[in-house]
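So you can see what is in the structure, the chains are spelled out below.
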Amino acid sequence: MDNKKKSKLQIPPWGWLIISFLVAMLLWFFLSVNEKTARSFPFLPAILQALGTVISRGVLAEDFISSMISVLSGFALGFVTAVPVAFLMAWYLPVRNILEPWIQFIRNIPPLAYVPLVVIAVGVGRKPQIIVIWLATFLIMTVTIYQGVRNVDETLLKAARVLGAKDKDLFIKVVFPATTPFILTAVRLGVSVALTTLIAAESTGASAGMGMRIRSFSNSFEVAPMLLYIILIGIIGITSEKIIKTLERKLTGWQEKREI
Amino acid sequence: MAGEERNLKVRIDHVEKIYDGRQGKMVALNGVDLDIYENEFICVVGPSGCGKSTLLNIIAGLLEPSSGAVYVDGKKVEGTGTERGVVFQQYALFPWLTVLKNVMFGLKLKGMPDDQAKEIAMKYIKMVDLEGFVDAYPKELSGGMKQRVAIARAYAVQPEVLLMDEPFGALDAQTRTQLQAELTKTWQEEKKTCFFITHDVEEAIILATKVIVMSARPGRIKTIIDINLPYPRTQDLKMQKDFLDLKAQIWGEVYQEYLEVRK
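First to last, the sequence lines map onto chains A and B. Once you know that position 124 of the first sequence is 124 in our numbering, the rest is easy, because the numbers rise by one and skip nothing. Count along the second sequence from 1, then add 1000; that gives the number in our numbering.
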């Protein structure tokens, strides 16, 4: 009993990671041999074989690049529009009163629902993808950054003013640094939303892309490459989150508490 | 202490502050008149809600009086100014700046070059005994250390008047006693006029040359008591009769007001 407890405590984090990985593999294997689920979950060898095929055919690289162009341009547009709108909303009551209800309203509609509308408006191709990703990331990032600006501790503003800060100094030297953690959180949420939205955005009339390819594999019942693409999207998501988290730690290590 | 030629530093001239609340008008300050002379250490005590913080904010220029005015060196207060430094109860350090950068903040705003600002900042960081923590961030400091940084930051811009709003209110008794002694020492060295708010009567007597008791709702000055005990005022003083008499007197005045509020 005592011994068991001790050994439990001694497993390092990477040890747990391996255990967690093995458990998932076991579960996956079980799904792949179970009669009811076998068709949806081919096991690792089939997936690796599919990987070889999509790489050698050059499809994977094409899809990956196409998706990344859409995600990054949509996200970048979302970010550069969200920052000023969030600050305007936090500072000017009329702007807030007019915009906030609609931002909340549209934010709660899944992008998949309005993709066809965008396609009808601007036609097929990359344009609707970027517009949809822009809209979705803009909404989530505006809300997050806006909260951050409103959350700036008023005593810090007072402290800066009595030390001689003018309005311009208050913004550059207090409001902006105080909002940085929220901006980074917004970036993290934005990237995650961009990936989620990507699949919806590519579902209509894309010529390449991770989401488009999943749909086309689905139409031809190619399960192994489909599952491969799903796993790859997951890997892209977790990698970008790790990168942003590292950035957060570097830029906002001064924070008292860390939010998750 | 009372010199013959005392310079009038701060004149509070019939300051009124009325808030328009949902339950109608609330009079926070009802005609406060007070003259503060150079080098005086004023402590203001009174029950919560007596408007002592409001008065401090008006002197700081963070709030506007509804009527009346405050003059510093004969000049009417309009907005904040670096001749009036403030130390807040919640420390209000910029969490993204190191101790050194926090203390340099006001100097940089004055447009002072980096090395000069750093030199002055270091002098005040040494004054509060934190030279070992210049590169630390606020989150790495204890409450007492944070408040020391805040005091150094306020002193660094060389204000004429130092306004302190219950600066030691959130600290434990031991740290508070230590900081009181340090503050007295700094006050004697730096020759600044201090306006210090507290709810702790002992703290007021230990620090002040003059204790002001405010009455509650509407806030106004009730009594002014000169404290003629010699500095440095040590812990032993707290056992002596002079001190205990003053404490009883001031506490009596405050308690009366406290009962008023409870009614």
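Because the hints were derived from the structure by calculation, they are not lab data. Heads up, a few of these hints could be off.
[As the list claims (entries may be wrong)] Quick list of in silico lysine-lysine cross-link-like pairs, PhoX-like style, CA-CA up to 25 Å:
1. A:Lys250 - B:Lys1123
2. B:Lys1123 - B:Lys1191
3. B:Lys1110 - A:Lys168
[Unchecked claim] Just a few of them, taken from the derived set where beta-carbon distance is under 7 Å, the chain B residues facing chain A:
4. Asn1039
5. Ala1060
6. Phe1088
7. Pro1095
8. Trp1096
9. Phe1105
10. Gly1106
11. Leu1109
Note that the Cβ used here is the ideal one computed from N, Cα and C, for glycine as well.
> Can you list which hints this structure breaks, lowest number first?
Replying inline: Per hint list: 1 and 4 violated.
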